[in-house]
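Since the structure of chain R is already known, use the hints to place chains W and B on it.
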Amino acid sequence: MTAEPLYRVRDLRKSYRVGEVTTSALSGVDLDVAAGEFTAVAGPSGSGKSTLLHLMGVLDHGDAGEVWLRGERIDRLPRGAAARLRLARIGFVFQAYNLIPVLSALENAAFVLELRGEDRAAREAKARDALARLDMAAYADRRPNQLSGGQRQRVAIARAIAADPAIVLADEPTANLDSRAGADLIDLMRRLNEEEDVTFVFSTHDPRLLDRVDRIVRLEDGRVVDDGTDATDAPASQATP
Amino acid sequence: MNAALATLKLAWRSLFRQRLRTALLIAVVAYATLSILFFWGFTDGFLNAIFQGQARLVAAPVAVTTEAYHADPDPVHALAGLDDVRRAVTAVPGVRAATPRLDVPALLRSPYAQRGATLRGVDPAGESAVSDLPDAIQDGRMLEAPGELVLGADLAETLDVRLGERVAVDVAAVGGPAATGLRLVGLIDTGIEAVDAGTVLAHLADARALAGVDGATELALDVPRGREAAVAAAASDRLPEGVRAYGILDQMGELARGLAAERVSMIPIGLLFSLFGAIAVTSSLVVSVMERTREFGVILALGLGHVRLAWMVVLEAILGTLLGYGVGAVLGYALLFVLHEVNVLGPLFTGVYGDFLSGLALGDEIRADVRLEYLAYAGVTVALAALFAALTPARRVARLVPAEAMRAAE
Amino acid sequence: MTTFPLPLFGSSAARIARLRVAAVRTAAMRTAAVRAAAVLAAVLVAGGALAQEAAVPADADAIVDRIVENLRGGGQRATIRMTVERDDATDRYVLETIGDGDERALTRVVAPPNEAGRAFLVDGSELFVYAPRVGRSLRLPPSGRSDGFLGSDLSYDDLAGDELRDTYDAAIAERTDDRVVVSLVPRAGAATPYGELRLTARLPDLTPLELTYLDQRDAPVKRLTLHDPRTLEDGRTVPTRFEVVDLTEGGGRTIATWEDATFGVEPPDRCFTLEALETGCRW
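Residue numbers (this note's numbering), protein chains in the order written: chain R, 1 to 241; chain W, 1 to 410; chain B, 1 to 283.
Next up, chain R with everything else stripped away, as it sits in the complex:
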């Protein structure tokens, strides 16, 4: 591992309060992510995967601990600075696709660039390119409701990579897809990682996808219980103490 990781997470804690009950989502997570990694955060539902990704993506603040991105501490950024950071450096892919329904695939792919204020020609060129890299060039003019789940998620990935972020954080990107489409999507992400050096961290609870990743970070009850760099030597069932 090089001296300065892309991400450095230290003792990150987060709890949610629902009525009288306080639930601990993260109970002291440590994690480093290097540039160019293809990392899966695995664990059962409620283990804290989404919370970890949200805090890494500065969509929310933790209760304690630190998050560093390229040597810059980002866990205490004010709202506006956090938004600017997301816009400039972080790509997001969500479980529910979260495409904007009234926009075409091309417009959705170009949306982050549009938010950045890039001119139309530049953002459309980048968006078309991103769609092509995801084999979606033919669907550029379709609206989300005219696409399958897998196609929608590809558009979502295109939106994330079109803006050339430092990292793409994908929260359960395959959860709404059938197993075949889910596997295809992960393969596509893997290809982008290998061929274009896009750094991915994605969460999943589907063990069948884990043989396609370099590194699996296993979470249980808000703690990292395993951080294996080889998928094959640490299946989820065996990793549990």
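Note that these hints are calculated values from the structure, not bench results.
Just so you know, these numbers come straight off a predicted model, no measurement behind them.
Some hints could be false.
[Unchecked claim] A few chain W residues facing chain B, derived, Cβ under 8 Å: (1) 109; (2) 110; (3) 166; (4) 168; (5) 404.
[To be verified] Okay, the calculated bits of chain W under chain R, using three or more residues with CB under 8 Å as the criterion: (6) 243-257; (7) 318-325.
[To be verified] Some chain W residues well away from chain R (every beta-carbon gap over 10 Å; in silico): (8) 6; (9) 9; (10) 47; (11) 82; (12) 124; (13) 189; (14) 194; (15) 262; (16) 267; (17) 286; (18) 298; (19) 306; (20) 346.
Built from N, CA and C at the ideal position, the CB exists for glycine as well.
Below, chains W and B without anything else, positioned relative to chain R:
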């Protein structure tokens, strides 16, 4: 600056992307604008109709008379030097015709009843140029010679006199009492109570003989509609001292002031219209923002700051409202223009208002007024509504937590 | 004279002419009943004389002239009891009147008490009223002479002889041994609303018996009948009871009965002044 422009562009594009919502917003704002334009155009048109009815059926578009007569309508203050006055005013631009009138308080008697009324002596040939009364004769004909009488149909019915019968007319004249018998030749039926129950037309020569006055109490002028006050002012400049030209509002005096007050009293109703418009605009904007909670969550997550997002929402509201306002203004003025050119409102509303406004000479012609100031009335309303409507969602947007907002139902 | 002379406004013409028609009418109606009573009395007094015995002329105009001359008899002083019957009420008046037999008469209401003291002066074409409550005399507008009085349509104008001669063309409609009926048709431009008047007189003395007013559709609308003639020393025959019936729908009836009348008197001029109107006249 760049961010502001980018946000504006974002809002503008967003407006076109949300076609259905934008169309709805434009429709609502346009409808509110159009309603306000129509309300005031109709209100003013209605008042104008009363003024015009008064001008064409009761008074004159412009009346030239002595200041003394204007203050105290007694034939003793009649115009002297009628020919000079006529020469002076016919040279005034806008004066299309001039005809003398002599108004005399008179008592009309039939074998069965008697009624007081103002007898108007007219020149039968000239009267139709300034008055619609000759055209409103439903039975019989207009005066042709001395010795004849035209009455409002209701007055004739009250007196129970028929065409061809004689009516005794008594007058308390300047030179002493006088009386004559005039043969009824025409009945005026306008459907307007004030006119049908109050009109008495006689030949100018008879009125002069009765009143003992060799002139006229007024010279009635025909001028283009809407130019009454301007022509009256221009004419007054050319008239000798003590003689003035009065536009219709001046002639109506108290009645005109009453109607002006009537317009003021319409303001609360106008405000109510505005309030409804504002509520419609507000709710349409608020609902549209509520529906987009998830979208806003995504936009926030992707990296647009809360402030810019709030501005985007406000700008969307402003732009959409402006578009709706523009559409409403175009449609509204088009409607008012049509309702001004074509007498659609008259037949619709005369029946409705005729009964309780029967004291006024409201004819069956109501043409919408078209004034630029309505644009301001609608503009202020829509602007306030949009401001209120945009701030509410903006505050809401400012409180959104992206992760939660994205969980909102589509 | 082509038009009948209504009371003139004289020097204060401008002021009174200012009254708008409505005001004129209101004022007229307010005092109509009492004033009309006085007018009737004046008419009765002025016309209380009778025709002399003479040869009956053949010409209709001459017959009317004779009747009118009879109506304009000599001076008199009288108490007149008058009953006005309407649909809803009956009013009774007692009037004291002095007339010169020509065109002047002073009449004062004696009863009922709430009207007592009111006085009326007819002087040619002028008509004045005195109201004791306000202590003032008032010149009345011209409609006073054409207003119907006491619920009937009989007016001073209708009865004054001048109008009969100047406003109408006369023709004999019917003649028998003991009566003549003269048809009076308004001339062109005549200031009368009637279509025809039918005047019936007794022959040979031409004592008026009846005057019927017809509208312009030949329907009678009003009828004056004269009764109970009393023969005076000079041979004139004076009717002592007058009845006016309004024949239109809802019309009333007025009966005036002569009591305590002295004929042949010559009241002095001072009895027909505004001062006399306010304070009375004794001689």
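A quick look at each hint next to the structure:
1. Evaluation of the residue 109 of chain W hint against chain B yields a held restraint, the C-beta minimum of about 5 Å falling below 8 Å.
2. Satisfaction of the interface hint for residue 110 of chain W is found here, the shortest Cβ-Cβ separation to chain B being roughly 5 Å, below the 8 Å cut-off.
3. Taking 8 Å as the C-beta cut-off, the interface hint given for residue 166 of chain W holds, the closest approach to chain B being about 6 Å.
4. Here the hint on residue 168 of chain W is kept, as its CB sits about 4 Å from the closest CB of chain B, short of 8 Å.
5. Interface hint at residue 404 of chain W: violated, since its Cβ lies 78 Å from the closest Cβ of chain B, which is beyond the 8 Å cut-off.
6. Here the stretch 243-257 of chain W counts 0 residues with a CB under 8 Å from a CB of chain R, which misses the bar of 3, and the coverage is violated.
7. Residues of the stretch 318-325 of chain W lying with their CB closer than 8 Å to a CB of chain R number 0, which falls below the three-residue condition for coverage.
8. With a least CB separation of 4 Å from chain R, residue 6 of chain W falls inside the 10 Å interface cut-off, contrary to its annotation.
9. Listed as outside the interface, residue 9 of chain W is inconsistent with that label: its C-beta sits roughly 8 Å from the nearest C-beta of chain R, within the 10 Å cut-off.
10. Listed as a non-interface residue, residue 47 of chain W keeps its Cβ farther than 10 Å from every Cβ of chain R; the least gap is roughly 47 Å.
11. Distance check for residue 82 of chain W against chain R: the nearest CB is about 77 Å away, which clears 10 Å, and the non-interface claim stands.
12. No Cβ of chain R approaches the Cβ of residue 124 of chain W within 10 Å, the least distance being about 73 Å, so the stated non-interface status holds.
13. Distance to chain R confirms residue 189 of chain W as a non-interface residue, since its nearest Cβ pair spans about 63 Å, more than 10 Å.
14. Residue placement check: residue 194 of chain W keeps its beta carbon more than 10 Å from all beta carbons of chain R (closest about 61 Å).
15. The claim that residue 262 of chain W is not at the interface with chain R holds, since no C-beta of that chain comes within 10 Å of its own (minimum 49 Å).
16. For residue 267 of chain W, the requirement that its beta carbon stay farther than 10 Å from each beta carbon of chain R is met, with the minimum near 41 Å.
17. Against chain R, the non-interface label of residue 286 of chain W holds: every CB pair exceeds 10 Å, the least being about 19 Å.
18. At roughly 4 Å from the closest C-beta of chain R, the C-beta of residue 298 of chain W falls inside 10 Å, breaking its exclusion from the interface.
19. Not every Cβ of chain R is farther than 10 Å from the Cβ of residue 306 of chain W; the closest lies at roughly 6 Å, contradicting the non-interface assignment.
20. The beta carbon of residue 346 of chain W is kept farther than 10 Å from every beta carbon of chain R, the shortest such distance being approximately 47 Å.
In summary, the structure is inconsistent with hints 5, 6, 7, 8, 9, 18, 19 from the numbered list given earlier, while agreeing with the others.
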